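2 protein chains.
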Amino acid sequence: MEQFSGYPTQEPDSVSSFSVDAVSSFSVDAQGLQKQIDELSNFSDTPSPSVTRILYSKMDVFARRYIKNLMGLSGLSIREDAVGNIFGRWEGYEPELTAVATGSHIDAIPYSGKYDGVVGVLGAIEAINVLRRSGFKPRRSLEVILFTSEEPTRFGISCLGSRLLAGNEALMKSLETVVDSQNISFFDAARAAGYANDEEDLPSVFLKKGSYSAFVELHIEQGPILEEEGISIGIVTAIAAPASIKVDFEGNGGHAGAVLMPNRNDAGLAAAELALAVEKHVLESGSIDTVGTVGILELHPGAINSIPSKSHLEIDTRDINEMRRNTVIEKTHQSAITIAKNRGVRLSEFKIINQDPPALSDKSITKAMQAASQELNLSHKLMISRAYHDSLFMARISPMGMIFIPCYKGYSHKPEEYASIEDIANGVKVLALTLTKLSLY
Amino acid sequence: MEQFSGYPTQEPDSVSSFSVDAVSSFSVDAQGLQKQIDELSNFSDTPSPSVTRILYSKMDVFARRYIKNLMGLSGLSIREDAVGNIFGRWEGYEPELTAVATGSHIDAIPYSGKYDGVVGVLGAIEAINVLRRSGFKPRRSLEVILFTSEEPTRFGISCLGSRLLAGNEALMKSLETVVDSQNISFFDAARAAGYANDEEDLPSVFLKKGSYSAFVELHIEQGPILEEEGISIGIVTAIAAPASIKVDFEGNGGHAGAVLMPNRNDAGLAAAELALAVEKHVLESGSIDTVGTVGILELHPGAINSIPSKSHLEIDTRDINEMRRNTVIEKTHQSAITIAKNRGVRLSEFKIINQDPPALSDKSITKAMQAASQELNLSHKLMISRAYHDSLFMARISPMGMIFIPCYKGYSHKPEEYASIEDIANGVKVLALTLTKLSLY
Numbered sequence: 004m005e006q007f008s009g010y011p012t013q014e015p016d017s018v019s020s021f022s023v024d025a026v027s028s029f030s031v032d033a034q035g036l037q038k039q040i041d042e043l044s045n046f047s048d049t050p051s052p053s054v055t056r057i058l059y060s061k062m063d064v065f066a067r068r069y070i071k072n073l074m075g076l077s078g079l080s081i082r083e084d085a086v087g088n089i090f091g092r093w094e095g096y097e098p099e100l101t102a103v104a105t106g107s108h109i110d111a112i113p114y115s116g117k118y119d120g121v122v123g124v125l126g127a128i129e130a131i132n133v134l135r136r137s138g139f140k141p142r143r144s145l146e147v148i149l150f151t152s153e154e155p156t157r158f159g160i161s162c163l164g165s166r167l168l169a170g171n172e173a174l175m176k177s178l179e180t181v182v183d184s185q186n187i188s189f190f191d192a193a194r195a196a197g198y199a200n201d202e203e204d205l206p207s208v209f210l211k212k213g214s215y216s217a218f219v220e221l222h223i224e225q226g227p228i229l230e231e232e233g234i235s236i237g238i239v240t241a242i243a244a245p246a247s248i249k250v251d252f253e254g255n256g257g258h259a260g261a262v263l264m265p266n267r268n269d270a271g272l273a274a275a276e277l278a279l280a281v282e283k284h285v286l287e288s289g290s291i292d293t294v295g296t297v298g299i300l301e302l303h304p305g306a307i308n309s310i311p312s313k314s315h316l317e318i319d320t321r322d323i324n325e326m327r328r329n330t331v332i333e334k335t336h337q338s339a340i341t342i343a344k345n346r347g348v349r350l351s352e353f354k355i356i357n358q359d360p361p362a363l364s365d366k367s368i369t370k371a372m373q374a375a376s377q378e379l380n381l382s383h384k385l386m387i388s389r390a391y392h393d394s395l396f397m398a399r400i401s402p403m404g405m406i407f408i409p410c411y412k413g414y415s416h417k418p419e420e421y422a423s424i425e426d427i428a429n430g431v432k433v434l435a436l437t438l439t440k441l442s443l444y
Numbered sequence: 004m005e006q007f008s009g010y011p012t013q014e015p016d017s018v019s020s021f022s023v024d025a026v027s028s029f030s031v032d033a034q035g036l037q038k039q040i041d042e043l044s045n046f047s048d049t050p051s052p053s054v055t056r057i058l059y060s061k062m063d064v065f066a067r068r069y070i071k072n073l074m075g076l077s078g079l080s081i082r083e084d085a086v087g088n089i090f091g092r093w094e095g096y097e098p099e100l101t102a103v104a105t106g107s108h109i110d111a112i113p114y115s116g117k118y119d120g121v122v123g124v125l126g127a128i129e130a131i132n133v134l135r136r137s138g139f140k141p142r143r144s145l146e147v148i149l150f151t152s153e154e155p156t157r158f159g160i161s162c163l164g165s166r167l168l169a170g171n172e173a174l175m176k177s178l179e180t181v182v183d184s185q186n187i188s189f190f191d192a193a194r195a196a197g198y199a200n201d202e203e204d205l206p207s208v209f210l211k212k213g214s215y216s217a218f219v220e221l222h223i224e225q226g227p228i229l230e231e232e233g234i235s236i237g238i239v240t241a242i243a244a245p246a247s248i249k250v251d252f253e254g255n256g257g258h259a260g261a262v263l264m265p266n267r268n269d270a271g272l273a274a275a276e277l278a279l280a281v282e283k284h285v286l287e288s289g290s291i292d293t294v295g296t297v298g299i300l301e302l303h304p305g306a307i308n309s310i311p312s313k314s315h316l317e318i319d320t321r322d323i324n325e326m327r328r329n330t331v332i333e334k335t336h337q338s339a340i341t342i343a344k345n346r347g348v349r350l351s352e353f354k355i356i357n358q359d360p361p362a363l364s365d366k367s368i369t370k371a372m373q374a375a376s377q378e379l380n381l382s383h384k385l386m387i388s389r390a391y392h393d394s395l396f397m398a399r400i401s402p403m404g405m406i407f408i409p410c411y412k413g414y415s416h417k418p419e420e421y422a423s424i425e426d427i428a429n430g431v432k433v434l435a436l437t438l439t440k441l442s443l444y
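Top line first, the protein sequences correspond to chains A and B.
Numbering-wise (the numbering used here), the first sequence opens with residue 4 and increments by one.
Numbering-wise (the numbering used here), the second sequence opens with residue 4 and increments by one.
In case anyone wonders, no lab produced these hints; they're calculated from the structure.
Treat the hints with care, since some could be wrong.
Pairs involving identical chains hold if they fit within one copy or between any two copies, as the list cannot separate such chains.
[What the hints assert, rightly or not] Taking lysine to aspartate or glutamate pairs in the EDC-like style, the calculated list, with each CA pair at most 20 Å apart, reads: (1) Lys71 to Asp41; (2) Lys38 to Glu419; (3) Lys412 to Glu253; (4) Lys412 to Asp292; (5) Lys344 to Glu83; (6) Lys249 to Glu301; (7) Lys412 to Asp251; (8) Lys61 to Glu325; (9) Lys334 to Asp251; (10) Lys71 to Glu419; (11) Lys334 to Asp292.
Model, not experiment: these values are computed from the prediction.
Could you build all of it, start to finish, from the sequences and the hints given here?
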C-alpha cells in the first residue's frame, strides 16, 4: 500500500475495554451540546443560517475564545501554538505515555453551515465531559485539538494547522510570502489574532512523528450515504487524495462594442472553456470516485462593456485513487494549453497548489471504533472519506481514525447543512468509548 | 428608416461658413490639452497608467471640480442638474435661439484608460478656447456638456445622464430602487457627491425635444479602422444598437469533495456554458458587425472547495442591425433555458436591462463635419460607431453628429488606450469649425 501515507502500527492482540456498566452510564448532554453549536454559529460574518468564519478574523477570535472557555470548564489545561492550534489536555494517570488526541476545526468558508468541523470540536469536549461523568480515569492523557484553518479560504492553504503540525517545511517557507485577497500577509493576520508574535518560532509548531499514540476525528459525513442507508456511524478506512490548482489566462481585453469578434482573445471565454474541460476530464475517469470543481472563476476588469483581459480559476480535484486524480490534473493542464493556443490568450499560470496523497486509517483504531459502535448497539459501516480533513495530515505523525455521522442529504458547505442532535450524540458516545479503549491500551 | 431614432431635420440649403482666414488662424494649445488629459487621469482609484473613476466617487467629484474650473477659465457659465450633468454655456449674440451643444463623459470603468470620453470633454472646452482666440462670436449659444455616468459600472445603467436628459421616465422610476454592489442607493450616492438633494426634483433633468439645434460629440474611435487606414477624422453616420442582459443561475451547491458528479447541479458550469453560447450565437449571425461579450461572471460562494450554488453573468451585445442583435438575445435566452434544464439548475433571472435602437446622425451635421474636415485639409471618412455614446440618447432630443479620431490599435477600456495629441488636436479643430457652422446657421 505504498501510495498511502497512513502511519502503520502493530495491531494489538486485544483492544482494552471499559466496563459495560460504565458504558451504559454514558450520558451526552444533547441539549447543552446543541446550544453550544447554535451559539458558536453566531460568530459569523454573514447572517444566520449561513456561517462565515475566516481564519484570524474577529469572529474567528471570538469563536476560539468560546472554545477555550469550554475547554477550561471541562478541566482541560490549554496550550496554543504559534499559528493558533489549540490543545486542551486531560492528564492521564501515566502521563509519561504518549497521549491520545481528538479534534477538528471551527473555521467556515463563506456562506456555509454550522456543523462542518464544529461537531468534532464541541463533540470532543462533550466526549471528555461524558467520560468524566462516567467516572473514567484515562491512562494515556487525552487531548482535544482545535486545528487552525482547515478551510483554504483566506490564504488558499487548506489544513494549514495540521499540515504544520505534521512538520511541513515547504509550507512554513511559503507562509513568509503569502498574502490574502486584501494583500494582508499571513503573519500580520496571525498577529492581529494574537499569534505568531515571533516569526522565527514557527518550527515550534512541528510535532514529531509518534507524538500521539492515536488521533481520532469525529465529523459529519458531508455525503448522503449514511442517511440514505439509515446507518448511525461511518468508520473511515481512507481519506481521498485532494489536489488544488490555480490558473490564470491573459488576453488583450478591449471595448465590448468596438473590438470585432475575430480580433478578440477573450480571457473569460478561455476560463469558461477550461471549467467545462475539468468536468469532462473528471467524467472521462469512468469512476464515481473522481470529482472536480471550479469553485472560483474571476474576470478582470469585470465590467459589462469590457472584454475580460484576465481570468483566474481555482480548481479542486480528488479521488481515492491518486493516479486517476493525477490524470485529471494532467489532462486539465493539456486543455489549458490548447485553449490558450486556440484563443490567442496567454496561460500565465498553471500552478498545482497542493497534490496530497490519500491516507489510510490505522487498523487498530478502526477496530476500536467498530467495537465501540457494537458495544453501544449502533449500526455502523466502513467507508471512505471523499472530503479531506485534518486527519489526512495527522496520519503523517500518528495512527489515525475518523468517525462519521449522518447529515441531511449529504449537504455541506452551505447554510442547509444539518445533523440531528441524536446522530451527533451517537457520534460523541462512539468517540468517548473509542477514547477509553485507546487511552487504556 | 423606421428603426432609427435619429432626430430628423430639414436639410439646410447651404451650410453657413466661417471665413477661411479665421480658420487658418485656428490654433489648438496641444501641450496644454495633453497636460489636462494627464492631470485628469490622476483622479483615479487605481494606479497609473490605468484609470478607474466611478460615478459619484471621491475621484469623480475631484474630476468634476477640475472640469468646472476649466469651464470657468474659458468664460463659460456653469449649470449642474440634479444628477450632475454639467453644462458650460457661451452665450450667443442671438441668445433666444436654441443652442448648439457638444460634450462627452469623464467616468472610467475599472482599469481603463485616459482618453475615452475625456477627449470629448477637454477637447470641447479647448474648441471653445480656439474659437475665442480666433475672434469668433457665436450666433446660437454654444454649450459644453459633461454627461453623468456614461459607463454602467456603478448602477448597471449606461449613459445615465444622457438617458435622463432625453426624458426617460422608466429610468427615473428605477433610480428610486437601484443600489450598487455595496448596497448604496442611487440617491445616497448622488447626495454624497452633492447632487439629488431633492429626489422629487429629478424630472427637472429632462430636456424637451428640440432643446438644442444640434449636438456634436468628439470621441476616440475605440476601433482600429482610422489608424489602419491612416485617416485623421471619422464622421459617424450611425451608432450601433446596444443591449445588456443580466442572468442568474441557482443550484444546490455543496462540498467539492463529498458531492459526486452525477448528484451535482453546478451553477458555475451553467454560467460557463452560457458564456460560450453567447459567443456561438454572435458568430452564427454571419455579420462582422454583430458582437457579444460576457464581461461579468461571478460565482457564489466563490470558494475553491465549494460547488457554485449561484452564478451571475452580465452580457453585452450590439449590432448596427437591431433585428440581428435581437436574434442573438433570443437565442441566448433559449440557451439559458436549455442549459438550466440539462444541468438541473434554476434560471432565476434573465433580464434585459436595456435594448436600445440604433441612432442615425443628422445629415446636415454630417455635412457640416465633412465640410469642416475639407476646409482643414484633413482626410476623413464616413463610418459607423460600434461603441455607444451619450450621442445615442441625445439623438432623441436633438439632431446629432459624432467626430471620431484614431486611437492606438483601436484599444479602449484598458490602460493601453492612447490617442496622439496631433490626432486629438485635429479632432478639436474639426469640432471647433463644425460648431461655428452650426452656431451661425
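Going down the list of hints, with the structure as the test:
1. Lys71 to Asp41: within (17 Å within a copy, 57 Å between copies)
2. Lys38 to Glu419: within (18 Å within a copy, 58 Å between copies)
3. Lys412 to Glu253: between (40 Å within a copy, 18 Å between copies)
4. Lys412 to Asp292: Classified as within; 18 Å inside a copy, 50 Å across copies.
5. Lys344 to Glu83: neither (50 Å within a copy, 51 Å between copies)
6. Lys249 to Glu301: both (11 Å within a copy, 17 Å between copies)
7. Lys412 to Asp251: neither (35 Å within a copy, 24 Å between copies)
8. Lys61 to Glu325: Neither: 38 Å inside a copy, 53 Å across copies.
9. Lys334 to Asp251: within (16 Å within a copy, 30 Å between copies)
10. Lys71 to Glu419: Classified as neither; 27 Å inside a copy, 54 Å across copies.
11. Lys334 to Asp292: within (17 Å within a copy, 36 Å between copies)
When held up to the earlier numbered hints, the structure conflicts with 5, 7, 8, 10 and fits the remainder.
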